[in-house]
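A.B. asks: So the protein lines, in turn, are chains A, B and C. If you're matching positions, the first sequence starts at 1 in my numbering and goes up one per residue. If you're matching positions, the second sequence starts at 1 in my numbering and goes up one per residue. If you're matching positions, the third sequence starts at 1 in my numbering and goes up one per residue.
One or more of the hints may lead you astray.
With a straight-line Cα cutoff of 20 Å, these simulated EDC-like cross-link-like pairs (lysine to aspartate or glutamate) come out [stated by the list, open to error]:
hint	chain 1	residue 1	chain 2	residue 2
1	B	K5	A	E173
2	A	K82	B	E340
3	A	K3	B	D266
4	C	K186	C	E230
5	B	K5	B	E38
6	A	K142	A	E173
For the record, the hints were derived by calculation from the structure and aren't laboratory data.
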Amino acid sequence: MLKRQEVIIAGMGGQGIMVIGQLLAHAAVMEGSSVVWFPTYGPETRGGFAECTVIVASEEIGSPVTSTPDVLIAMTQPLLDKFAPTVKPGGTIFVNTSLAEPPTNCPNCKIVGIAANDVATELGNVKAANMVMLGAYVGMLKPVKLESLKASMEEVLPEHNRRFIPANNAALEKGATLVGV
Amino acid sequence: MANRKLMKGNEAICYGAVAAGCDAFFGYPITPQNEIPELMSTLMPANNAVFLQAESEVSAINMVYGAASAGKRAMTSSSSPGISLKQEGISYIAGAELPCVIVNVQRGGPGLGNTQAGQADYFQTVKGGGHGDYKVLTLAPWSAQECYEFMPLAFDLADQYRGPVAILMDAIIGQMLEAVELHGDFPSIDRSKTWAVTGTRGRAHNVINSLWIDVNVMEELNIRLQARYRTAERDEVRYAEYQVDDADLVLVAYGCPARVCRTVVDLARQEGLKVGLFRPITLYPFPTARIAEIAKSGSQFMAVEMSCGQMVEDVKLAVNGAAEVLFYGRTGGVVPTPTEVFNFVVEYGVSSCAADKRA
Amino acid sequence: MKKVFERPKALTQAEFSYCPGCGHSIIHRMIAEVMDELNITDSTIGVCPVGCAVFMYDYMSCDMIEAAHGRAPAVATGVKRVLPDSFVWAYQGDGDLASIGTAEIIHAAARGEKISVIFINNTTYGMTGGQMAPTTLVGQRASTCPAGRDPDKTGYPLRICEMLATLDGPSYLARVTPTSPAGLVKTKGSITRAFQNQLDGISFSLVEVLSNCPTHWRMTPIESFKWIDENMVPVYPLGVFVDR
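The whole structure should be built from the sequences, with the hints applied where relevant.
C.D. replies: Shown next, in the form of structure tokens:
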């Protein structure tokens, strides 16, 4: 189990930023880890920036906020530009290359490009791009088990979105496959 | 472990209210506390309790006044601008010696401010807020678990001290998802209220009132309230310490900044700097005696707040000149990060400590 | 010998502190008589206002709450919601109900809150010294409009019954005045009806009583009653506005 991993997930409202953060948090609780998740929204109800922070740890978590995450999952260019310089040296940046160019100014970070929108579209629904990214992150860095994410779907998704669970699970797996799992 | 459930601090407040046997919730929408009325709208009826969305914060607190007059456990929740509106009612509740719980999920201010986290309502909460000589016992949770635990405690304190009790949070503590163990294991205290208005049914009539035209009677009420506050200052002070015993510099913080400071302590200790964290859990009564004791041991203090410096005044009063008290604050909705607080500690806190020691 | 007149049991032994000839005394007694007749005193919680009737808690033998200025309908709501089997009335003056407490009364009415409200409209802030009220008539003098209410600067009186009658929540809204024997009978009848509605679990009721303020109007009680009939009733027509 990893000691502590700080993740920032960022994109536009409507991309399912909050929900993948919550899935990660829920899976971590299932596995007995400590976890905090907290959101920042733009003032708009729809379409503004959406960011959340998730911290998963094997010990009690102090600060729920971080200015230097270990991991960034960036779904769009503006949020990638905002957060990429903050990632700790040795950290990992997951870039949705369907909507953003991989950064060139983070020489000390590992950059993982996933064309999440394209992959999700091929799978049948572009809205699952968030799940592709989450699958890639969890497949590569293993903060939780992929199975725990799947087991969290029922609890985390609102009732009207539970019909997407099979498609979400497929997208998670596809994302993990793309990073060689 | 079995009952660990991922929830927001705001949601934990609701489950805590149910565990406390809350009879009635009256509220009004305002961000960042909307999860509370939303969840209460189903949780309260499911537990045979009352939920009502009032037409305003003013009405909500007056509905609390009515339900509390009837001897029931009543509460409201809001965020900074809404709490300002409730101050009239809180003063009346204090004056009429009614128990109730008020949750404030603080946001950036003044004015309409913003919906991000703030702590600039400290003075308003612990120094009175409304008119008149009264105090509000105030609990400051720093985790979703404490949001849950503190609700039954708040209702018990309200009953015991016959006055309003505040839960002072911030947007991060309210919005943050964490695992909470819903154990339901709380002590039950005597909740009988002979003073309540319930219909006379054979007894002499009860009156709930805060109007006393006779100045001597009004003064007696104030003396009675003050006596209760002295008892609370003696019996109800709560705080937590982390690595304080050998600390050269003691960070003092509550709510989200206390969480940040806990990480700062770890960062500092990794660098060999003797930094500790003192976390007041009751903001009123403030842990004055313990801070004074620590000050005597030669530690310096640094209050860290999401305000321009409010709690730091209570730290200074407690230290009473015996040690230097520094301050680091961010405000207007900005949350201090561990890195910036650590850098400040290194630049101003620990270095000046070391300089003092050399001198 | 049969006793034909006695103090209602819903009143305490305390003496009213009202000015001679003030309508509050008449209406207090009438409420107490209705409580006796409906046999509800021991299950009643009364909510009194800020204004001349602020000491009503001393006069009524039922359980009483003194509310903040204008907030009586919210306080009454809080009580009624947690004690639905109790009987809850609120008593408010015009400054309390029609100025500082407009939000509270409108929303209690809109919710159809199962409470009964007695609204005393005497066009005056009596307790604070005769200032202009929201119900002060155009041209009427008050200490904050010594030349008479000028609608160009201070607008027009509020007609509460008519305003509330636009809502679906209330089940009974009536305006009465006790300036004559027939008016007294109607006033008591309206209070009885409002109370009965709550006992029957129907919904919100309000009785607006046009009343006097001989002290600040600088009239004798008889002159003040005449003034109500001649000046107030044309602006505030008597009648039942909602009955369902």
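A.B. asks: The structure should be examined with respect to each hint, and the outcome stated for every one.
C.D. replies: Hints, verified against the model:
1. B:K5 x A:E173: violated (26 Å)
2. A:K82 x B:E340: holds (18 Å)
3. A:K3 x B:D266: holds (14 Å)
4. C:K186 x C:E230: holds (18 Å)
5. B:K5 x B:E38: The hint holds at about 18 Å.
6. A:K142 x A:E173: Satisfied, since the Cα-Cα distance of roughly 13 Å is no more than 20 Å.
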